[in-house]
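Asker: Read off the chains here:
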Amino acid sequence: AQTVTQSQPEMSVQEAETVTLSCTYDTSENNYYLFWYKQPPSRQMILVIRQEAYKQQNATENRFSVNFQKAAKSFSLKISDSQLGDTAMYFCAFMKQYNTDKLIFGTGTRLQVFP
Amino acid sequence: EPEVTQTPSHQVTQMGQEVILRCVPISNHLYFYWYRQILGQKVEFLVSFYNNEISEKSEIFDDQFSVERPDGSNFTLKIRSTKLEDSAMYFCASIIQLAGVGEQYFGPGTRLTVT
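Chains as they are written, first to last, in the numbering used here: chain A, 65 to 179; chain B, -16 to 98.
If you are wondering where the hints come from, they were derived from the structure by calculation, not from laboratory data. Yeah, the Cβ is synthetic: ideal placement off N, Cα and C, and Gly gets one too. Please note that the accuracy of each hint is not assured.
Straight line, CA to CA, 27 Å or less: simulated DSSO-like cross-link-like pairs of lysine-lysine [said to hold, decoys possible]: (1) A/Lys134 / B/Lys61; (2) A/Lys119 / A/Lys137; (3) A/Lys160 / A/Lys142; (4) B/Lys25 / B/Lys66; (5) A/Lys134 / A/Lys160; (6) B/Lys25 / A/Lys160; (7) B/Lys66 / B/Lys40; (8) A/Lys142 / B/Lys25; (9) A/Lys160 / B/Lys66; (10) B/Lys25 / B/Lys40; (11) A/Lys137 / A/Lys160; (12) A/Lys137 / B/Lys25; (13) A/Lys142 / A/Lys119; (14) B/Lys61 / B/Lys40; (15) A/Lys134 / A/Lys119.
Stretch-level coverage of chain B by chain A, calculated; a stretch enters the list once three of its residues show a Cβ under 8 Å from a Cβ in chain A [to be verified]: (16) 47 to 54; (17) 65 to 78.
Isolated chain A (complex conformation) (with noise of 0.2 Å):
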C-alpha cells in the first residue's frame, strides 16, 4: 500500500522569504503522479503543482517549485517570495499512474507567512 509522509506539521516564513515544504512516500509502483494541494481557511482544495514520476524535470508553476527525487521517494514542495495568501495548510498526494485513480494524501503542514 502507498503512503505518503510529511514530517512538518507547521511552517513559518517571512513574506518574500523562501520555504520548503517535506514530502516523503512509499510505493512499490514504477510510474505515479504526486501533487502538492493548498487548503486556504476557507478548507476548498485548490491544486498547486504536480509531478509524473516519469519526468525527471521538476515541475514549477510561477513561484512554486518541486525538488522530485524519486531514488528517495522525496518530493518537496519549494514557495519562492512566500506572499501572505499563501497563508494555508498543503498536502502532498499520490496516485498510482491509472490517472483516474484516488488521491492518497499526507498529514499536511500548516504554513504561516508573517508580514
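Fit chain B to the known structure of chain A by using the hints.
Answerer: Here is chain B on its own, set in the frame of chain A:
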C-alpha cells in the same frame, strides 16, 4: 471557469439521522469521488464512482454509506444513520478522463456536524 459545487455548506444533524450531501461535478467530467477530512486530520478517500457504479471504496465506506448519480448532474453521498464520528468535512471531486495526468477538481466541501 467551471467548478464543482456542493450543498449544503454546513449540515447539522442528530445522531441516527440520515443525511444526504449533494455535489454537482463539472459537466463533462466522468469520474467522481468523495473524500472526508475529520477536523485537524488528513483527507481520506471514501469512494470513487464511474459509469453509474462504484469503482473503488475504502474501509471507511461501510454499509451506512451509499452514493448515486440520480439525474445525470448531481452526485450524492448518503449516510443512513449518522454517528458522532461521521462529523467531518466531506469533499466531492471530479475528473475528466484524459490521457496523462488526471487533475481532480474539488468542491468547497460540506461540513457535517453530528450531535
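Asker: Give a verdict on every hint.
Answerer: These are the hints, each one checked on the structure:
1. A/Lys134 / B/Lys61: Roughly 39 Å between the alpha carbons, so the hint for lysine 134 of chain A and lysine 61 of chain B is violated.
2. A/Lys119 / A/Lys137: Given pair lysine 119 of chain A, lysine 137 of chain A holds - Cα atoms ~14 Å apart, limit 27 Å.
3. A/Lys160 / A/Lys142: The hint holds at about 23 Å.
4. B/Lys25 / B/Lys66: holds, 19 Å
5. A/Lys134 / A/Lys160: Status holds; Cα separation ~14 Å.
6. B/Lys25 / A/Lys160: holds, 19 Å
7. B/Lys66 / B/Lys40: This hinted pair holds, its Cα atoms lying about 19 Å apart.
8. A/Lys142 / B/Lys25: Distance of about 21 Å is within 27 Å: holds.
9. A/Lys160 / B/Lys66: Violated, at roughly 32 Å.
10. B/Lys25 / B/Lys40: Holds - the C-alpha atoms of lysine 40 of chain B and lysine 25 of chain B are around 17 Å apart, at most 27 Å.
11. A/Lys137 / A/Lys160: holds, 14 Å
12. A/Lys137 / B/Lys25: holds, 20 Å
13. A/Lys142 / A/Lys119: holds, 18 Å
14. B/Lys61 / B/Lys40: Holds, at roughly 14 Å.
15. A/Lys134 / A/Lys119: holds, 10 Å
16. 47 to 54: With 0 residues in contact (Cβ-Cβ under 8 Å with chain A), the coverage given for the segment 47 to 54 of chain B is violated.
17. 65 to 78: holds (count 4)
Checked against the numbered hints given earlier, the structure breaks hints 1, 9, 16 and satisfies all the rest.
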